[in-house]
Amino acid sequence: QSALTQPPSASGSPGQSVTISCTGTSSDVGAHNFVSWYQLHPGKAPKLMIYEVDKRPSGVPDRFSGSKSDNTASLTVSRLQAEDEADYYCTSHAASNNFYVLFGGGTKLTVL
Amino acid sequence: QVLLQESGPRLVKASQTLSLTCTVFRDSISGSVYYWSWIRQHPGKGLEWIGYIYYSGSTYYNPSLQSRVTISVDTSKNQFSLRLSSVTAADTAVYYCARARVIAARPDYFDNWGPGTLVTVSS
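Protein chains in written order, with this note's numbering: chain A, 24 to 135; chain B, 277 to 399.
This is chain B alone, in the form it adopts within the complex (with noise of 0.2 Å):
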């Protein structure tokens, strides 16, 4: 069974930048049947998706994010990250880590996610 484990500092000033690595246990992130995903939840708020990353490097980001996420990925350490710029305290939330399975050439279901991790904005 694969296992995610995020890590990164839990508090980020405001106006700086929220980095964060999710690292990828009993599975290769080069598989080509996956893409790897962060997806958000702000405190008592529902779940919200940041982004995609293939193995290859390819990227897709949430429109409302766009301008101020990075995700990026290195395969020789399993690992993928999550970098967003400028944040403010409407950017505390658990941020989680997550694998999505690929069915017909395009990111279907969640199977796999991290526990989460709370990254609070302070100012």
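Okay, chain A solo, but in the shape it has when bound (with noise of 0.2 Å):
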């Protein structure tokens, strides 16, 4: 099963929006609903930013959006911040093994 794949850089400046792509195939991302999207600073715990494609965790600005169509999810991080530079990464399960994990290859994202 191959992993995800993202963009490897995004940017934008503070205020504007910025969206990380994560492309999969009909058995995995076009599949189901089970797309998530982590945020890592380093040195820090990863952050869980968004589940099950669109669902954002208590505590996650609503700057924060994720979507998808057909095998490609999306992450929209609107009204850039400062704060928001740092690395994301999506996930999703095979279909054909709920167990199975495939990661995306990471974004990393800049704040001009």
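Treat the hints as calculated values from the structure; they're not laboratory data.
Take these hints with a grain of salt, some might be off.
[Unchecked claim] Derived lysine-lysine pairs resembling DSS-like cross-links, with alpha carbons at most 25 Å apart:
no.	chain 1	residue 1	chain 2	residue 2
1	A	K91	A	K70
2	B	K321	A	K131
3	A	K70	A	K131
4	A	K78	A	K131
5	B	K353	B	K321
6	B	K289	A	K70
7	A	K91	A	K78
8	A	K91	A	K131
9	B	K321	A	K70
Hints in hand, dock the two standalone chains.
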């Protein structure tokens, strides 16, 4: 099973919006709504930002939103802030095996 | 808020076995609504899922690592552990433990992670 495809980098200025894509196949991302997104800051525990495509955990700012179209999921960060600069990873599961986790390659988000 | 903390040797010699433990605070590892997982990140690379364990002891591993991985649980200590045998330099990584929420009888998203621990394999 191949990893999910993310752009290696994305950037935007404070106040702008940025969208990060996560492309899989009809056998994983396109097969169900088990897509989640994580924020990684160096030296800190990774943080869940979005789960089940578009659900936001308590405490995550509403500037973060998720969506999906066919085999591609997306994370949008609106009204960018300096603290949003981090690495972002998407995950999904293989439809043929609920216990097999696929990660995207990660996207480095830079706030200019 | 649950806390997870990884512990174990930071330096392992090649060909030996890497052993890490994740201690869970403020939650019971025996709950039926979570799976417990190990995930790693090679230096400068992306995340790689290693495996899951349920409190009952049921395990699920990444096929690419299955021959070398053992994940176990100790409910009396509220801990779960990772053993990775025959390590090489390619196993040098930050190792994270994480909690996965059960949805529809299967693990879904990782809702809490430990801070991670860097394990270096030396020759």
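Quiz item: Out of the numbered hints, which ones does the structure contradict?
Solution: 5 and 6
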